[in-house]
Amino acid sequence: MAENQETPVRKKEKKFFLSNTITLFIVLIVMLVFFSLTSESFLSTYNLVSMLSNLSFYGIVAAVLTMVLISGEIDFSIGGNIGLTSIIAAILIESGVNGWLVILLCLLLGAAIGIFNGFLVTVIGVNSIIATVGTMSVWRGLAYTFSDGQSIMAMTPVIDFLGRGKVLNIPFPIILFIIIFAVCYVVMNHSKWGRKIYAIGVNPMASFLSGINVKQVKFLTFLFSGIAAALGGLILASLSGVGMPQHGEGLELTIISAILLGGTALGGGRGQILGTLVGVLIISVLYNGLTMLNVYYYYVQIAQGVVLVAVVATYEVRQKRLQE
Amino acid sequence: MSKFKIISILGLAIIFAVGISFTGCQAEPEVITETVTETVTETVTETVTETVEVEEEAYAYYETLKVHAQDTDDPYPDNPAEGHTIAYTDIMGGIPFCNNVYGSVQKEWELAGGADSDLYYADNQYDATVGLQNADILLAKEPEVLIWFQFDSKVNSIVAQKYGDAGIPIIAVDVPVPGAPFMGVNNFKVAYMAGEEAIKRVEEQGGIDTIDKIILMQMPAGGEVVMLRSEGFYQAFVDEYGADVIDPMTIRADGGAGEAEQANAAMSDVLTSIPDAENFVLTSVNEQTMDGCISAVQTAGRWDPDKWIVITQGVDDVGKAQLREGLTDAGVGYFPERYGEYLIPAVSAYLNGELPPPFMYVENEIITPENIDEYYTE
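First to last, the protein sequences are chains A and B.
The letter at position 257 of the first sequence is residue 257 when you use this note's numbering, and the numbering goes up by one with no holes.
In this note's numbering, each number is its position in the second sequence, counted from 1, plus 1000.
Excised from the complex, chain B in its bound form (with noise of 0.2 Å):
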C-alpha cells in the first residue's frame, strides 16, 4: 500500500472520530428546550424589571423629538443632527422590512437636520463576516454614532468592544449589542399577542383538538432575544391549554439566518417528518421566512388554507402582500417605517449630550385582511 493511501486512511479515520465524538457530544432535545425556557423567562423578567426602573424624566429630550416625529412631518426643533455625521448598518439590503426601517431612518435624519452625506451607510447581507468588515470600515469614517442592525447576537460583542474603546456609542435594532440601547420589538410580548391572536383562531375552529401540529420557525443564530419571537407564541399557547396538551403537538425548526430559502428547506423536513399530520398553526420570525415556509407547503401539495393557521411578524410589504393574497391570517404589526420615529431622536440625544432610554419598544398592532386597510393603503 503506497504512503498516500496510508493518509488517506488515516484522514478519513480522523473524520469519522471527530464525528462520532461530537454527534455523541449532542445534547437531547428536551434539555435545550428546557434551557430556552429558563432563558426566556430571565430575560423577560429582566426586561420588565428595568423597564419599571426607568425615570421617563431622564430621558426628556428623548421623549420631546419621539412625539415630535409621532406627530408631524415638521423639521425638528432646533435642527439637533446639523453638523453631525452618523453610520447606519442594515441586516440585509433589499429586503422590504429593510427597506423600511432605512427609509424611514433617512427621513427622519433629513427632518432632524442631518445631511444625506454625513448618514454613512452599509449593507451586513446577513453575513457576521461583512458585518465586522462593516464595522471597521465605518469606524475609520469616525461618526458620532452608530445604528447597528445585525443579526448575530454573539458577534455584536466584538462590535461594541471596537466602538466602545473610540468612544462612539452604539444603538442596537432588533437585535441586542451588549452595554447599547435597544430599539426594536419586544419579541416576547409581539411573540405573546401572535400567539393569542392564533388561540383565537383556534377556538373559532373548534378547539385545540382540532390541531395537529403546532410549528414554530425559529432564528436560533438571532440568540435568545430573537428566540423569544417565537418561545412567547409558545407560551400563549401554554398559558390556554397547559405545557402538556401543547409540548407534543410542537416542532422547533431552524429557519436559519431570516431567510426564504432556509426557511424553506427547514419547513420542507418538517413536513416530510409528519406526513399524517393535516391542520396546523404556523409562525415564523419575519415575513421572509414564512415565504418560504409556505412555499414549501404548496410544493408538498399540503397547503389548504382551511387547514393552516398562519400568524407572521412584521407586517412589511411581503407581509402586507401575503396578508392581502390571502396566505396568511394575520401579524403583528412592527411598522418598520417609523422605525426612525424612534432611532433618530435617539440619535439626536446622544448627538447633543442626553441619552437615550435603554428600551425603545415599538408599539404594535394586530393586522388582519379586514383590517389592512385602516394601517395601510394598497
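Isolated chain A (complex conformation) (with noise of 0.2 Å):
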C-alpha cells in the first residue's frame, strides 16, 4: 500500500511529464497537419507506412537507450553495433549459415558488445561517455576490416522477412517496434526493476544505500543496448539488402537526439519511453515532410536543430518552475 501512495512532489513530477508528452503530442499532431496539407501525398499509406518502417530499426534502438540514459548512462557505441552487425549477419548469410542461426549469432554478438560496455563502465568504471565512444570506434573499425571496406549483399529469406516481411499486410519491422516500445514502457511504468533505473539515475548513491544493486541493473541496460543495436543492424542490413560498414553512421545522434526530443535528461533519473516514441516519430515526421516539400538537407538538418533546442528549452524552463 504504502509503495502506491504518492507523495504531491510525485505528483507534480508526474504531471510535468505528462504534460511534456502532450506538448510534444500536439507538436506531432501539428506538425502532422502542416504537411498533410502542403504536401498531397504525405497522408498517403504508403508514405505513412514506409515511413513508419524505416523508423523502426532506430526507433527500437532508441527506446532500449531510454532506459540507459534514464540510468544516468550513455551507449554512443550502438552506430558502431549496427553497422558491425549488418556486416557479421551478410558474411554468415554469404557463407550460407542458417538465416534463423544468423540472427542468433547476431544477437548474441550485441549481446556481447553490451556485456563488453557494461563491465567496461560498471566493473572498469571507465566513464560511459569515453568508454562507448572507443568502443563505437572499435566495432566500426571491425565492420570495416571484416568486410574490406566493401557492402555485401544480405539476402536470405529469413532476413528478408525481418526488413521487409508482412504479417497481416503490416510490415513485420513495424511489428517488431511496437512490440519493444511496448515491453520497454511495461519495463519502465510498471515494473520494480523500471523503478530502480529512475533510482539510480537520480540517486545512485542513495539507492545503492537502500538495497539496489546499482552496477548490476547498470550492466543490464548496456546488455541489453547492445541487443537492441544488434536487431537494429539486422533489420537495417535486410530493409537495404546488403551489410554495409557505414550502416549506423552517425545514427547515435539522431538516436540520442530523439531520446532528449522526448523528454530524458542526459543527466538521468527523468525520462518516458512514450516521450522517446514521440521524439522519434517527430524527427521523422520532420524529415520525411521537409523532403516531400523539396527542402533541401541543409534546411531540414536547421529545422530538426532547431527543434530539439526549443522542446528541450521548454522543458527546462518548466522543470525550474516546477522546482521552485
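Any given hint could be a false lead.
What the hints assert, rightly or not - Here are the simulated DSS-like pairs of lysine-lysine, each with C-alpha atoms no more than 30 Å apart in a straight line: (1) B/1162 - B/1141; (2) A/166 - B/1162; (3) B/1213 - B/1307; (4) B/1162 - B/1107; (5) A/166 - B/1141; (6) B/1200 - B/1213.
What the hints assert, rightly or not - If we take Cβ atoms under 8 Å as the criterion, some of the chain B residues that face chain A in the derived model are: (7) 1120; (8) 1122; (9) 1125; (10) 1128; (11) 1129; (12) 1137; (13) 1154.
Hint data in this document are derived by calculation from the structure and do not stem from the laboratory.
The beta-carbon is built from N, C-alpha and C at its ideal position, and this holds for glycine as well.
Join these two chains into a complex; the hints should help.
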C-alpha cells in the first residue's frame, strides 16, 4: 500500500512529465497537419507505412537506449554496433549460414558488445561517454576490417522477412517496433526494475544504500542496448539488402536527439518511453515532410536542430518552475 | 566472483572469438586483386558487346533531343516534359560536382517544358540508409521517372525492386542500378585516359624507374563499376610497362565513400607505410577525395609538386581550383554541368513512350592547367 501512495512532489513530477509528453504530441500533430495540408502525398498509406518501416530500426534502439540514459549512463557505440552486426550478418549469409542462426549469432554478438560496454562502465569504472565512444570506433573499425570496406549482399528469406516481410499486411519491422516499445513501456512504468533504473538515475548512492544493486542494473541496461542495436543492424541489413560498414554511421546522434526530444535528461533519473516514441516520430516526420516539400537537406538539419533546442529549452524552463 | 563478472568474461570471450575467426577468414590481398582484375575484364567486355549491339535508330527520339540539348539553349521541341513529374536524388548535396549535375538537370528540365515544382528532389547524403528512405518518400509522390544518383551499387537492387513493382522507370547516374539505363562516365575509359596522361608525364620525367609508388585511392563501396575508375588507370600502366614492373609499385587504398575526410585518413596510412618513397603517381575517384589525399601529403610534410604526378577524375569546381593552383597535373573532365543534356532527353524519351539507350556515356577530355581556360573561364 505504502508503495502506491504518491507524495505531492511525485504527483507534481508526474503531471510535469505528462504535460511534457502532451506538448510533444501537440508538436507532432501540428507537424502532421501542416505536412498533410502542404503535401498531397504525405498522408498516403504508402508514405506513412514506409516512414514507420524506415524508422523502426532506430526506434527500437531508441526505446532501449532510453533506459540507459535514465540510469544516468549513455551508449554511443550503438551506431558502430549496427554497422558491425550488419556486416557480420552479411558475411554469415554469404557463407551459407541458415537465416535463423544468423539472427541468433548476431543477437549474441550484440549481447557480447553490450556486455563489453557494461563491463567497462560498471566493473572497470570507465566513464560511459569515454568507454562507448571508444568502443564505437572499435566496432566500426571491425566492420570495415571484416568487410574490406565494401558492402556485402545480405539476402536470404529469413533476413528479408525481418525488414521487408509483412504480417497481416503490416510490415514486420513496425510490429517489432511496437512490441519493443510496449515492453519497454511496461518495464519502465510498471515493474520494480524500471523503478530501480529511475532511482539509480536520480541518486545512485542513495539507491545503493537502499539495497539496489546499482552496477547490476546498469550492466543489464548496457546488455539490452547492445542486443537492441544488433537487432537494429539486422533490420537495416534487411531493409537495404546489404551489410555495410557505414550502416548506422552518425545514427547515435539522431537516436540520442530523439530521446532528448522525448524529455529524457542526459544526467539521468528523468524520462519517459512514450516521450522517446514521440521524439522518434517527430524527427522522422520532420525529415519526411520537409523532403516531400523539396526542402534541401541543410534546411532539414536546421529545422531538426531548432525543434530539438526549442523543445528541450521548454522542458528546462518548466523544470525550473517545478523546482521553485 | 559475482554473476555479472562471469557474464562479462564470457562476453569478452565471445567478442575475441568472433574477432579471431573473422580475421582468419580474411582473403589474401593477392586474391582480391585477381578478383577485381577479372571483374574489370568481364564488365568491360560486357559493356563493349552491349554497346555494339545497340542500334542507334531505336533511340532516335533520345538522340534528337540530346543533339538539340547539346547544340542550343533553346526550349526542346514540343515541350516533352510539360505536365509530367520526375524525381531526382543527389548523391551528396553541396558537393560542387553534384551541384553542377543538379543545376544542369534543372536547366534542361525547364527547357523541356517541365515545371520546377514537378521536379522532386532528395539528397542521399552519401548514406545508403538515407537513400532508401528517400526512395520511399519519392515513391509516395509517384513520379513518372526517377533519376537515381546514389553511391552504393548493391543497395540499388532494393530501390530497383521497389520502383519496378510500381512500374516507374529509373535512370542510374554514375553508379549502376539493376535493369536501369546508365548515364555517366565510362569508368574504365576515363581511368585509362588518366593513366595515359600520367604515363606521358612519367616519360617526360625520365621513365618509370623514377617513380617509387603508384597510389590508387579507390572507392570499393561504389561497387565494381566504380572500381574501374582506378583499375583502368592501373591497366594503362600495365599495358605500357608490364605487370611485373607495375604490380610491386602499386598501392590500392580504400578512400571511403568519396569524401575528403576518409580519403585523408587513408592517405595518411599509406604514407606512413612507405616512409622512404619520394616520387609518386596518384589518382583517386573524384576531386573531394583528391583534396583529402593532397592535404594528407602536405600534413605529412611530403608535398613537393615536382615529385608528385597527380591526375584527378571529374574536374568539378574543386578540380578546377586544384588545377589552377597547381596542385594537380591533369584531370579527366566529366563536364557535370552537361549531365542534364543526356538525362533529360532520356527522361523525355520515357515520358513519351520511347526508350533511352542502355548506356549514355559523357564525352571526356583531358583538362590541364594549360588548356583549362579553353573549357572554363575563370
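Report task. Sort out which numbered hints this structure fails and list those numbers smallest first. Result -> The structure conflicts with no hint, since it agrees with every one listed earlier.
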